[in-house]
Amino acid sequence: MLKRYLYGGIFALVFIGLIVIIILKRTDSIIPATLYEVIPEDAVIIIEQIEYDFFSNEFITENKIYRDLLKASGFSVRDSLMGIILKNISENEGLKKILNKERPGLSLHLIGKAKLMPVIYIDYSDYYSSKDFTNLFTAFLGDNTIINERRYEAETIYEASCREDHLPDNLSFACLKGIFLLSPSSLLIEESIRGMHSGKSYVSNQGFQRVRSTSGRNVYANTYLNYAILDQIFFPFVNHNYWSRLNCFTDFAGWGELDVDIRDDVIILNGMSCANDSVHQFLGSFTEQFPVKVQLTGIFPSNTFYFLHLGFDKKEEFYKRMLMYLAESGERVKFDEETDRIKRTYGLDPFRDLLEIVDDEIAWFSVEGSSDALTSKLFVIESKNGSLAKAKLHNWYQQYIHVNKFEPSSLIYQYKLDNQTSFDIYRLPDQFYEKQKAGKFFNRYYTIYDKYVLFGSNIESLSAVIYQNVLRKTLDRDPVFEEVSNYFSSRSNISIFIKPYFFLQNHSEILKNDIVTLINRSESFLRKMSGMVIQYSREGDMYYNNVTLKYTSYIKERALTAWESLLDTAAFIKPSLVTNHNTSEKEIFIQDAKNKIYLINGAGRILWSLPLEGPVMSEIYQIDFYKN
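Each residue of the sequence shown is one higher than the last, beginning at 186 in the numbering used here.
Since the hints were made in silico from the structure, they are not lab data. Computed from a prediction, not measured in an experiment: that's the story for all the values here. Warning: the hint list may mix true and false statements.
[As the list claims (entries may be wrong)] Here are the simulated lysine-lysine pairs, PhoX-like style, with alpha carbons at most 20 Å apart:
(1) Lys519 <-> Lys625
(2) Lys316 <-> Lys362
(3) Lys636 <-> Lys577
(4) Lys478 <-> Lys499
(5) Lys478 <-> Lys500
(6) Lys575 <-> Lys601
(7) Lys528 <-> Lys499
(8) Lys577 <-> Lys500
(9) Lys505 <-> Lys519
(10) Lys601 <-> Lys505
(11) Lys575 <-> Lys658
(12) Lys658 <-> Lys601
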């Protein structure tokens, strides 16, 4: 009797076990993985919640930026292939349904030295078993596709040799716990499998999870930037010997998240970024700093194509954290050695002087017409007052000529705007902190304009900045920049402005030849981009950041003129030539729409202006009151 019960119990257990196995096998009833468990750890960029319906319909068929890019760059062939793929997807109801409802993901990875490869992720767990979804995708590839399968760490990887013109030659895919992975690289599929089996994933990455918790809903996609390896995104475009210049990305921050919003004439990305608390990254230098008002656009010339603006309300705290950042990047020892050298030689502490001078803004900028990206950059400080700045920097000049026994006049160049107006530009042959990160705060020449201290590599660039400011032709008055400034926050800690075409042209020496060719071919498209703005502003223990790319329908060319001058409003009467009897030079008399009259000299400088009660009705006549 006991034996009968024993056999009966064993049979029942085996029977129940078989039933469970059959059910699990039939339905693949396993706990589905999340996207972040299967993404390889070396992802440069991760994009999730991609709104497939928008990108597959409205964006590629109607968006002006995308359509103009295709025309200008010659990528229309790729667009037609994209159309074929999307048509095939639309005819596959099962695949189309999942893409619309589950919103796929994507990650980018560097393969080899300079090739970026994507992995596409689709969550099918609520709709299909792994076997059924594999069959669904195999049918999508078509009958002409040869598919081989192999085992890797107990998982199946499918490798497809595609013979359809609209598909890549080789594709690899796999189904892992309810997530479908697709990539041109089988190595990335293997890396996903290894990561999932080892338990190493983005689920436990604190920086990633911090920014992910801030991601927006009801947007076209959520994008995540892995700053630690973000330089890799540029490797396919930049010559290998210039890759070291890209380390400004790797030590900038930890992770960033950007919500994607796309309109017909503007692309807007905004979200939060975080700096790694255990590592002194550049963004962390603004801990405890409130965003400040951006006012230096009033000193940048109107033809500025790039600027990097930093704002801080606690300058001593900023300086302390900058020193931590230099220590983390391995430059603190060199910085201290150079500081000691300058103190011994000249009795100066340049950074202490700059801290005493600066108010709450500094910036680097470049203007159109400069050919060398390294030497064309200028540095500007907004001082608390011009007199203090002049006294501090004059002491540098005095100490230098005293130690080196130079003639004072040998280090001063006088930029003469006209007979009544001139500016002194000083040369500092001993450039402080040269070839160091700290050296970006100095240069070989400097001048003072109003309350601004300007550093540059040559006299011509500083003279041009002065001239544009005298004419009031500054960036904040530029109509092209005005289009972008609508998306420009008036307060920030870090602000970057770029005119894409001029910026790329200025940096063409570091770009690969095929990229330079593509830029030249796409000139008309790039010149229609009014500008790109990138800003970071501290919010609590994180940083709000926004990226905006503004596009216009036409190219705005600058007028070629013998001279220019900016009035308060539009000119109301035809300019009249008059003669200056002291200099015998011709000058311009004009009235604006608000009835103000101006006398402007040949350099474009406004000599005087006077408001009138009404418009000038007659011709302009010159009377020699003093009988000169």
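Right, here's what the structure says about each hint:
| no. | hint | verdict |
| --- | --- | --- |
| 1 | Lys519 <-> Lys625 | holds, 14 Å |
| 2 | Lys316 <-> Lys362 | holds, 12 Å |
| 3 | Lys636 <-> Lys577 | holds, 13 Å |
| 4 | Lys478 <-> Lys499 | holds, 14 Å |
| 5 | Lys478 <-> Lys500 | holds, 15 Å |
| 6 | Lys575 <-> Lys601 | holds, 19 Å |
| 7 | Lys528 <-> Lys499 | violated, 25 Å |
| 8 | Lys577 <-> Lys500 | holds, 18 Å |
| 9 | Lys505 <-> Lys519 | holds, 16 Å |
| 10 | Lys601 <-> Lys505 | violated, 40 Å |
| 11 | Lys575 <-> Lys658 | violated, 24 Å |
| 12 | Lys658 <-> Lys601 | holds, 18 Å |
Checked against the numbered hints given earlier, this structure breaks hints 7, 10, 11; the rest are met.
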